[in-house]
Amino acid sequence: MEIRRAERTDLETVKRIVHETIRAVYPHYYPKGAVEFFIAHHSPENIMKDISAGSVYIFYDGGVPAGTVTATENELNRLFVLPEYQGRGYGGKLLAFAEERIAERYDNIVLSASLPAKPIYMKKGYIFKDYNSIECSGGDYLCYDEMEKKL
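Those letters in the sequence shown? Residues 0 to 150, by numbering that gives the first Met the number 0.
Read the hints as simulated data drawn from the structure, not as lab findings.
Subject to a maximum C-alpha distance of 30 angstroms in a straight line, what follows is the list of computed DSSO-like cross-link-like pairs (lysine-lysine): (1) K14 - K92; (2) K48 - K14; (3) K123 - K149; (4) K149 - K92.
Quick list of simulated restraints, FRET-style, between CB atoms: (5) S136 - G62: 35 to 43 angstroms; (6) P118 - K149: 17 to 25 angstroms; (7) T8 - F127: 37 to 45 angstroms.
Heads up, the beta-carbon is just placed ideally off N, CA and C, and yes, glycines get one too.
When you get a sec, could you build the whole thing from the sequences and use the hints?
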């Protein structure tokens with residue numbers, strides 16, 4: 000197991016992890032328009048912006064990229080583990096890693112939790128702060144919660 004900061008050359012790797020995970024998991028929780036919104040939100044341009052800022056990390060299992068997380072200031076974002084690596088505790092390891100980075104400079108962490116991720120964050124001590132919904136294409140809605148954890 001290794002976690003390292005993503006470089007500009009890792010853009011396609013991060014994008015693949017994020018998009019494959021969204022396409023495999025999110026259709027079970029969200030309508031098509033919301034899934035499309037997530038894919039567009041995690042565009043190559045947005046990912047590269049975070050990579051350039053030094054905020055993106057990749058989790059490797061035996062040298063193979065299996066997950067990613069973004070930690071920008073006190074916000075945790077874009078935590079994804081490829082479906083074939085889920086259930087091994089890798090998401091928890093990425094979360095703990097990002098929390099340690101954020102705790103170096105901040106006393107709280109904020110995040111926007113998707114429906115499939117919310118129970119995981121609640122088990123890790125995050126609390127509900129606010130509910131949000133965004134209207135997407137086709138009249139579909141993307142619903143998510145803002146959550147926070149005091150450090």
